[in-house]
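J.: If you want the building blocks of each chain, they are given just below.
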Amino acid sequence: MKSTENEDYMRVSLESVFGILTIVFLATLLEIAVGYPFRVRLFPSIVLTTTLILVLLITLRPVMPETIRRYTEAGFDILSADAFSKGKKEGDAKPFFITLILLADYFVMLYFTGFLFSTFVFTYIFLKLNQYDSKKSLAYSFGSALIAFTVFGLLMGIPLPSGVIIEWMGY
Amino acid sequence: MDGILIHILADVLRPGNIALMVIGTIIGLIFGILPGFGPALAIALMIPLTFGMDPLSGLILMGSTLGGGFYGGSITSILLNIPGMAGNIATTFDGHPMARRGKAGVAIGLSVMSSFLGGVFGYMVLLLVSPLLVQVLLLFGPPEYFMLILLALTLIAGISRGSLVRGLIAMGLGLIVAMIGLSPVFGVPRFSFGSLYLEEGIPMIPVLIGLFAISEVFVLVERRHSIAEVGRITGSVLEGVRLTFKYPYTVLRSALIGTGIGILPGAGVAMANFVAYAAEHSRSKNKEKFGKGVPEGIIAPETANNAVAGGSLIPTLSLGIPGGEASAVLLGGLMILGLRPGLDLFTEQKEIFYAFTIAVILSCVAFLLITILAANYLAKITTLPYQIVGMVVVLLSFIGAFAYRNTILDVALALIFGVIGYSFRKLQLSRAAFIIALILEEQMEVSFHQTLMIGGFEWFFIRPISLGLFLLFLLILVIPYLRMKFKK
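Protein chains in written order, with this note's numbering: chain A, 1 to 171; chain B, 1 to 488.
So here's chain B without its partners, still in its complex pose (with noise of 0.2 angstroms):
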């Protein structure tokens, strides 16, 4: 394994290969900035650039690409309030508080290193023990998948700036709002009134640019201030990354929270910065500082959003089930250069595994030193003028949302949740816990009709795994009814 691994990196390291990664990660990261774009778009318009290079440069390219669109997304959580991906989602609990207080580039610093260590440790992990790994992900069925989901999401709504009910609330919304289209099931249309678009189902991309994206335009031009509430900036990014390794377990445990949520397909994407961001707060001493810009609070999340990235190649690698919709895009541009997903990729097919693995992990070096180049003057957009900020995110999300599907309704659509995740802001509703509900609804509705199919109703309570999921589940329900007596 030794002599494939030198040989592989040695053939990796080749200046022309270099240069594509340096390539594929600004790319990456551009498409990780652009509100609706993401990498799995960024990925999709590399897949013809790979179809004239050999396969070894090819992986290297799209390797490289999502590593820096995983990325991406997280600059505009801290700077912005507007969370590239579901995955950065929590990043914006601290991050945008600390960028508003002056401290953008200690942010943008916390946020790279410790991405950069998410993202080698669950690619180490990838290319370590996947073998092993793939055995825990067999032990979920549909039961355990539903009680998980259900478990997350709960959480989720739980981690939300007002109650746990709001939360719930706004959960509830999301789940509602996917079933609109075709029942994922049983193919029949629901709450279409008629109408051909709606049938189509509601995408996730315009919702996320109008909830996160445009509402925030609506509070910067009633806030009429810029980004960054104090005059100057102050910190460096240097000083973010240097804060990073003064919390080794949060960067620790946050990793292995992301990888080990990661190998659940599809679900762990937009779990796992949840996750982590919880489990760091429970373990805190400074809970009541945890959303004004506490460093743990940018460390956790971002530790695991990358480190899921990993994690969620182990099942899209070994089992072909795509953990999110960059992976199922990745997927499809691996097997063109002639990766077969399977158990045998860790045996018959390695040097294309070790090659991929590899390139992904040196990319994550490579948007390490491009970012620390660039963080001092991305940091320098709070301090720009609210309205030409204003103006940039308009057009980016209108952009954003006509390109997804080539349709001027996505447009009206983001514009109609700009005004709900507006309102969600202002009634204390989580937009977090309503995005996740609508991108995990399907997967949860179908483990759900499957465990009826399969086993029958009993099945969520006699499956050990299944039954301590909702054991949780119920906990978390009584928790703020025991801290409200417990205040008593």
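Chain A extracted, bound-state conformation (with noise of 0.2 angstroms):
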């Protein structure tokens, strides 16, 4: 039940969260559409306006008399908003924040040092984080690391990315 609540509380937090970005990144846009001849701007503008009253439907829901509240959560419920059951640990927002540093410092490594050496850090620091044997984290990293590059790379002649530091050596 605590869980529950929480997880609606989050969900709200995120929903207000999301509804003020949404509403503030269509205005600019809006804005900037305003700006263009009327044929470039006409359609552009439908939809920014369409999607911001919808959004703004969303989030000023609270304070919205009780039949526009209803009518904003009405659906098909062709799907069941159950259909992906929740996992022991889903609401709990830190793995997620953990793996997006995770993926954005590959990115990075991937930028400066090319996927060789940039897949194998990153393989072995994901397996670890979401405690996997040490062993076989290596194995697995160095292992596939090694594959998708003779794979992909070798083999099918797929461009990876060589690294800047990797260029500027010279290789």
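Think of the hints as simulated: they come from the structure by calculation, not from any bench.
Check the hints yourself; a few may be wrong.
What the hints assert, rightly or not - A few chain B residues that face chain A, going by a derived Cβ cut-off under 8 angstroms, partial list only:
id, residue
1, Gly158
2, Ile408
3, Glu445
As the list claims (entries may be wrong) - Taking lysine-lysine and the DSS-like style, the derived pairs with C-alpha atoms no more than 25 angstroms apart in a straight line are:
id, chain 1, residue 1, chain 2, residue 2
4, A, Lys135, B, Lys380
5, B, Lys485, B, Lys287
6, B, Lys485, B, Lys285
7, B, Lys380, B, Lys292
8, A, Lys128, B, Lys380
9, B, Lys285, B, Lys246
10, B, Lys485, B, Lys246
11, B, Lys380, A, Lys136
12, B, Lys287, B, Lys246
Bear in mind the structure is a predicted one, so any value in this text is a computation, not a measurement.
Here a beta-carbon is modelled for each residue, glycine too, at the ideal position from N, C-alpha and C.
Can you join these two chains into the complex? Each is in its own frame, and there are hints to help.
T.: This is how it looks when you write it as structure tokens:
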């Protein structure tokens, strides 16, 4: 019960943050669109205005009249909301943020050091942070980086990031 | 006609051509499974290989690659909740929940059999009644296309897990993101903030990878559990194959929907699986079970998605208007092999046309057999440790996003849309509505302006098909309100 309340609170908070950010984003684009010639701005303005109204309806739902409030939550009920049954830990934001930071680091490393090295480092840290066995993590990270490089880069000839440092070194 | 068909069939069934068919199907399946790769890239890589072949062998290689590629995305939709292409999105609704219940083999069996039946139906229609269907296609002008896309997007928004309003917000955001870049009608840069990268527009593949693949990694690490929530896999692929035959009307209805929508250039591939899913839901006596892993929820979108492949080739081959990215690449390859798109395809160039159609029909047999043999092994992916699955998905996602245009910025874009996709899931905003809107925006806007330029605003409402589609759109908007009133 407590967990459900916590999740509802998280969803409402996330919804408010999403609502405010989206309203600012849409209003900015609408302001930019006004500066375009009439025909260029016509279609974007229709879509932006409609979406802005709908986001306002969702964000200001708590202060809306009952009928509008209920309509914003009405649907066809084709897919039941509980179809993605929740796991024990769902609702905890920590794993999301840790993974996000890790993925962002992987991206930066990919840019500087290229595919092979950054993939090895990322996969090892990813597996370790998710409590995977140390020796297996090392073996899998080494193996996956090498296999991916061989299959995609060498056999299939698909370009992989070479890394600016590697390029600078002349390789 | 019969004599030509038998002669071509005998040529197609030569051992060398069968080997090419198997190779093409396997390559197509692999590219369909890899996020961001898809059949378009697979066919593009096959084209240079066909230069040294006789035209028939080239057609077989490309046709089977297309067939395998169209099906490959269904496997990841079921096992990983990651649709390979927009056409596989509705398969995730029931396919993945079934896999999470430990029945991945059954889900793959259902999907491969219905894909086979849908594919064969679509290609048979292509072979037998293409000239007639082209006449139907010609009834659709710009206002009809605009209204059809509007209706389809609203329907997809309605199928989403949250409310209709939330679905419409996701659709609106998808349309807005698609507007970034050069205006498709006037060539003026919009919302690009002076960035050359944004001026080229937001590419679909990195967005698809981010929304579905990377966001799934976030969910996996949050849940800390293998995909299958039960410890072991129950049911086999053959059980799924047999189960498909218990729903003959679902297969037939969805095949008709897929082929019918497929003939509309551009829009069909993305729409058909949703329309078939919604149609099946509306007729079902077990509505409350949809989204939890019902067989009809897999059969309907899978049949339609593969029937659409045949349908989408009708405008591609007969009018030279590709039905999607894969069709566009395929058309290029076929033209290199001597095919000239046009209505004389069914008369003067019928040998090439028949050879290609027979090749894609036989490729359906190839992917059916290959998948049945491999499915039980593939199903074991759902019991692998979540760390390994997450790691592999990230690797393939980053490789796929980079390989699309060889720019690291596309990887950053995929990452950004990974966060957006995760937030969408938390807020019950439809990722499907977002991505389909992103794909169809250009055609929608072009049709909108063409209508205004040719016939004016009233053209939307004085043409009967366009008006009918508009009334259906209004009906979808008021249904939730009526349901709410009725429940009271």
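J.: Which numbered hints are broken by the structure, listed smallest first?
T.: 10
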